[in-house]
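Participant: Note that the protein sequences, when read in sequence, are chains Z and S. According to my numbering, the first sequence is numbered sequentially starting from 1. According to my numbering, the second sequence is numbered sequentially starting from 1001.
Please note that the accuracy of each hint is not assured.
Stated by the list, open to error - Now the stretches of chain S that chain Z is said to cover, found in silico as 3 or more residues with beta-carbon under 8 angstroms:
hint : stretch
1    : 1010-1022
2    : 1058-1068
Claimed, not checked - Covered, in the sense of this in silico footprint (three residues per stretch, anywhere, with C-beta under 8 angstroms from a C-beta of chain S), are these stretches of chain Z:
hint : stretch
3    : 61-68
4    : 82-93
5    : 105-114
What the hints assert, rightly or not - Estimated spans, in silico, between C-beta atoms of each pair:
hint : chain 1 : residue 1 : chain 2 : residue 2 : range
6    : S       : Ser1012   : Z       : Asn59     : 40 to 50 angstroms
7    : Z       : Pro62     : S       : Arg1054   : 20 to 30 angstroms
8    : Z       : Ala38     : S       : Asp1007   : 18 to 28 angstroms
9    : S       : Ser1051   : Z       : Pro61     : 17 to 27 angstroms
10   : Z       : Asn71     : S       : Asn1038   : 35 to 45 angstroms
These aren't lab readings, by the way, just hints derived from the structure by calculation. Quick caveat, the model's predicted, so the values are computed rather than measured. Ideal placement from N, C-alpha and C gives every residue a C-beta, glycine not left out.
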Amino acid sequence: EAGVTQSPTHLIKTRGQQATLRCSPISGHTSVYWYQQALGLGLQFLLWYDEGEERNRGNFPPRFSGRQFPNYSSELNVNALELEDSALYLCASSVRQGANSPLHFGNGTRLTVT
Amino acid sequence: SQQGEEDPQALSIQEGENATMNCSYKTSINNLQWYRQNSGRGLVHLILIRSNEREKHSGRLRVTLDTSKKSSSLLITASRAADTASYFCATPTNNNDMRFGAGTRLTVKP
């Protein structure tokens, strides 16, 4: 079974630009979560999608947005990039809606904003 | 906002010793999960313990849950250098998404 895949692996942008990060969940998983992990820190919850709907979002400004496609893959968009957006962005999927199933993580996209 | 807090922030032990990490959380939960992260990579799920369970084992891992104290512990027995990683606890929120603590960075010296 293929795991969660994220692309690109690395992304370098300049301040003010826009970044698009992509995630393909494990086949059969309908829930997709996005987390931000700044260097050496814990995971900050960004967004949760299930069955194409946004179910919840964390304490991030509106320039962080995303969507989930009919095939359950997901996209995270970050507009008007700021230096502090530099982080590892992790996507995870689970087989069922909600928090009663383990999350399966991809290896992340390392975003660097210069 | 984070839901769980791990303690200690960092732990350094010798190979063969046991490692214990603790997690405290704030709200009522129906399960608690532990994850491991090797440097710069995605997290790997280790174990899920439900609120009606007090202890769970998986290989060299032992997890306890005390819902009255809103705390959990992860014990790794007979540690190996390959256990070097960061360990996170995660708990569901009232909205049913998962929130992670800041993690414990474990270093096992050969």
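Participant: Look at each hint and say if it fits the structure.
Facilitator: Hint check results:
no., hint, in the structure
1, 1010-1022, "violated (count 0)"
2, 1058-1068, "violated (count 0)"
3, 61-68, "violated (count 0)"
4, 82-93, "holds (count 3)"
5, 105-114, "holds (count 5)"
6, S:Ser1012 <-> Z:Asn59: 40 to 50 angstroms, "33 angstroms, violated"
7, Z:Pro62 <-> S:Arg1054: 20 to 30 angstroms, "43 angstroms, violated"
8, Z:Ala38 <-> S:Asp1007: 18 to 28 angstroms, "20 angstroms, holds"
9, S:Ser1051 <-> Z:Pro61: 17 to 27 angstroms, "34 angstroms, violated"
10, Z:Asn71 <-> S:Asn1038: 35 to 45 angstroms, "29 angstroms, violated"
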